[in-house]
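Sequences are here, hints too, so could you generate the full structure?
Chains as they are written, first to last, in our numbering: chain A, 1 to 301; chain B, 1 to 274.
Fair warning: there could be bad hints in the mix.
Result set (DSSO-like, lysine-lysine): computed pairs, CA atoms no more than 27 Å apart in a straight line [stated by the list, open to error]:
1) A/Lys267 x B/Lys212
2) A/Lys212 x B/Lys103
3) A/Lys59 x B/Lys252
4) A/Lys12 x B/Lys212
5) A/Lys17 x B/Lys212
6) A/Lys212 x A/Lys59
7) B/Lys212 x A/Lys212
Because the hints were derived from the structure by calculation, they are not lab data. Note that the structure is predicted; figures quoted are calculated from it, not measured.
So you can see what is in the structure, the chains are spelled out below.
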Amino acid sequence: MPREAEPSQNEKDFILKAVREGHRLDGRALDEFRQLDLKFGDQYGVADVTLGKTRIIAKVTAEVTVPYTDRPFDGIFTITTELSPMASPAFEVNRPTETEVLLSRLLEKTVRRSNALDTESLCLVAGQKCWSIRVDLHVLSHDGNLIDASCLAVVAALRHFRKPDTSMEGDTLTVYTPAEREPVPLSWLHSPFCITFSFFGSISVGEDGEEKDIWLLDTTLLEEQLRVSSCTISMNKHGEICQVAKPGGAPVEAVTVVQCSSLALQKVKDLSDFVDQKLAEDSKHRNKGGLLAELSAENAR
Amino acid sequence: MPLDTSTYNLALLRVDGRRWNELRQQKGQLGVQPSADGSAYLEMGNTKIQCIISGPNERDLSKSTSSASTAPTSNGAGATVAVSIMIAPFATVDRKRRGRNDKRLQEMQTTIASGLAATVQGQSYGPRSTIHISLNVLSQDGSLLACLINAASLALVDAGVPMTDYLVACTAGSTSSYAAADEEADPLLDLNTQEEQELPFLTLATLGATDKVVAMVCESRVQLTRLEGMMATAADGCKGVRDFLDGVVRDKGELMVQEGAIGRGEVVSSMDLD
Numbered sequence: 001m002p003r004e005a006e007p008s009q010n011e012k013d014f015i016l017k018a019v020r021e022g023h024r025l026d027g028r029a030l031d032e033f034r035q036l037d038l039k040f041g042d043q044y045g046v047a048d049v050t051l052g053k054t055r056i057i058a059k060v061t062a063e064v065t066v067p068y069t070d071r072p073f074d075g076i077f078t079i080t081t082e083l084s085p086m087a088s089p090a091f092e093v094n095r096p097t098e099t100e101v102l103l104s105r106l107l108e109k110t111v112r113r114s115n116a117l118d119t120e121s122l123c124l125v126a127g128q129k130c131w132s133i134r135v136d137l138h139v140l141s142h143d144g145n146l147i148d149a150s151c152l153a154v155v156a157a158l159r160h161f162r163k164p165d166t167s168m169e170g171d172t173l174t175v176y177t178p179a180e181r182e183p184v185p186l187s188w189l190h191s192p193f194c195i196t197f198s199f200f201g202s203i204s205v206g207e208d209g210e211e212k213d214i215w216l217l218d219t220t221l222l223e224e225q226l227r228v229s230s231c232t233i234s235m236n237k238h239g240e241i242c243q244v245a246k247p248g249g250a251p252v253e254a255v256t257v258v259q260c261s262s263l264a265l266q267k268v269k270d271l272s273d274f275v276d277q278k279l280a281e282d283s284k285h286r287n288k289g290g291l292l293a294e295l296s297a298e299n300a301r
Numbered sequence: 001m002p003l004d005t006s007t008y009n010l011a012l013l014r015v016d017g018r019r020w021n022e023l024r025q026q027k028g029q030l031g032v033q034p035s036a037d038g039s040a041y042l043e044m045g046n047t048k049i050q051c052i053i054s055g056p057n058e059r060d061l062s063k064s065t066s067s068a069s070t071a072p073t074s075n076g077a078g079a080t081v082a083v084s085i086m087i088a089p090f091a092t093v094d095r096k097r098r099g100r101n102d103k104r105l106q107e108m109q110t111t112i113a114s115g116l117a118a119t120v121q122g123q124s125y126g127p128r129s130t131i132h133i134s135l136n137v138l139s140q141d142g143s144l145l146a147c148l149i150n151a152a153s154l155a156l157v158d159a160g161v162p163m164t165d166y167l168v169a170c171t172a173g174s175t176s177s178y179a180a181a182d183e184e185a186d187p188l189l190d191l192n193t194q195e196e197q198e199l200p201f202l203t204l205a206t207l208g209a210t211d212k213v214v215a216m217v218c219e220s221r222v223q224l225t226r227l228e229g230m231m232a233t234a235a236d237g238c239k240g241v242r243d244f245l246d247g248v249v250r251d252k253g254e255l256m257v258q259e260g261a262i263g264r265g266e267v268v269s270s271m272d273l274d
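Spelled out as structure tokens, the structure:
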């Protein structure tokens with residue numbers, strides 16, 4: 001099983017010492033994100049997120065299928081992650097690494113279990129026909145902080161996606177092509193985002209030798225290899241926690257975790273505004289002649 | 001089938017008659033499997049776990065492809081902790097088959113392995129050795145992850161693996177539904193299955209009786225303002241669990257002295273136990 005190349009002892013010492021003094025290799029503040037960019041494809045439901053050198057593409061597809069027998073009124077919603085060897089030599093094809101399992105579980109808990117997408121709205125004919133929404137996540141380049149970037153890509157792609165319009169007349173279900181009717185957006189309830197805190201041990205501050213945990217936001221791959229533990233908090237901008245995961249690792253003071261969670265809310269609001277703004281820009285770009293409102297078959301409610 | 005927890009506000013008693021900060025009945029036993037290097041049995045309410053430890057022994061490369069999750073101790077310089085969880089088909093009311101690649105189980109295994117790796121002093125064994133921890137879930141009734149962590153801690157003590165402190169875990173929930181922002185909602189300690197299905201909750205693992213968080217898992221939607229109360233309640237619960245585990249270990253020691261397995265004060269005098 002291939003492994004990620006470990007940083008040399010000199011690199012380790014240098015980075016850890018710098019972090020303890022409040023500096024990072026790329027000159028960012030400890031709680032600063034790298035340059036974040038979000039592009040949408042020509043098709044609906046394709047989001048391309050670049051976070052520093054990390055690059056992730058999410059693509060949403062929809063098809064009509066038969067719902068699960070135990071859930072006749074719900075549509076199907078799946079998120080599949082793929083970490084290909086293209087992103088990092090440590091990833092292998094057809095053999096999910098621990099990173100991949102944890103990533104897909106985190107996305108599942110953040111987006112699916114928190115009911116961000118209303119699956120009941122995907123039902124077409126109870127027990128017979130429903131939409132199956134599938135998000136494929138491809139990591140093109142891995143330079144740390146996969147979780148935050150992936151979650152952003154998934155949420156942006158789902159909010160950008162439009163599924164074909166349908167209508168029921170008697171017993172016949174009609175699915176319209178985009179030429180016949182403008183596709184409709186998914187019924188989206190809230191937008192959760194992940195914020196990952198990476199811990200690097202503690203330093204003593206003040207005269208009384210009080211211990212203070214050091215943490216970084218948006219770590220690069222090199223920093224990620226050196227961290228002693230991490231904590232991922234998923235939240236929406238309304239201050240609802242969707243998921244918290246600190247999977248073991250070195251212990252951290254409980255107070256620090258609480259502080260981190262309130263900082264996460266602030267960051268989530270920033271990310272939320274960023275995605276809203278990019279989506280607005282994109283819809284303006286698509287709606288050249290202002291004709292989209294006329295093409296839509298939706299009634300104003 | 002959702003449970004009606006709205007009755008809680010009337011008498012401030014939960015469905016099983018506990019108050020908000022009470023743990024369930026606990027029962028622990030060390031050395032239940034004489035042929036193993038270390039073993040323990042732990043009951044927290046109706047969640048029943050048996051933990052068997054083999055090792056530390058030399059890492060078997062043929063076993064590295066199995067479904068166990070591993071984590072290295074002392075920054076890769078010490079032994080590796082490998083955890084595998086098996087849930088018996090009769091552990092829940094509905095008998096169901098689980099695949100080997102259940103991601104939820106794998107995530108739990110990883111959490112337990114890297115959580116224990118933070119407390120186990122593995123440097124005395126060297127990097128090529130592995131401590132195998134197999135956890136068997138015999139009966140499942142809420143707080144599964146917490147109970148698994150506690151059982152593994154107890155078994156590691158039986159195996160004589162050096163640790164800085166017990167890794168103890170407990171769950172805490174909140175009586176408010178996730179959307180409501182009502183301020184008078186109580187936090188609840190140590191949830192059972194019924195409560196877990198109904199209420200938002202988190203699992204907190206701390207290092208002994210300190211407030212140091214080793215692992216924390218919350219899978220439900222909950223208001224940010226609820227978090228602090230839930231964490232404080234869970235940390236209190238962890239202290240209770242630590243006292244209980246410590247009691248089990250001390251009782252076992254007392255028993256061994258009575259049975260003549262070790263002389264009183266034989267080893268104890270040379271070690272500072274507290």
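The hints, checked one at a time:
{"no.": "1", "hint": "A/Lys267 x B/Lys212", "in the structure": "holds (25 Å)"}
{"no.": "2", "hint": "A/Lys212 x B/Lys103", "in the structure": "violated (34 Å)"}
{"no.": "3", "hint": "A/Lys59 x B/Lys252", "in the structure": "violated (58 Å)"}
{"no.": "4", "hint": "A/Lys12 x B/Lys212", "in the structure": "holds (25 Å)"}
{"no.": "5", "hint": "A/Lys17 x B/Lys212", "in the structure": "holds (23 Å)"}
{"no.": "6", "hint": "A/Lys212 x A/Lys59", "in the structure": "violated (41 Å)"}
{"no.": "7", "hint": "B/Lys212 x A/Lys212", "in the structure": "holds (12 Å)"}
Violation of the numbered hints given earlier is confined to hints 2, 3, 6; the remaining hints are satisfied by the structure.
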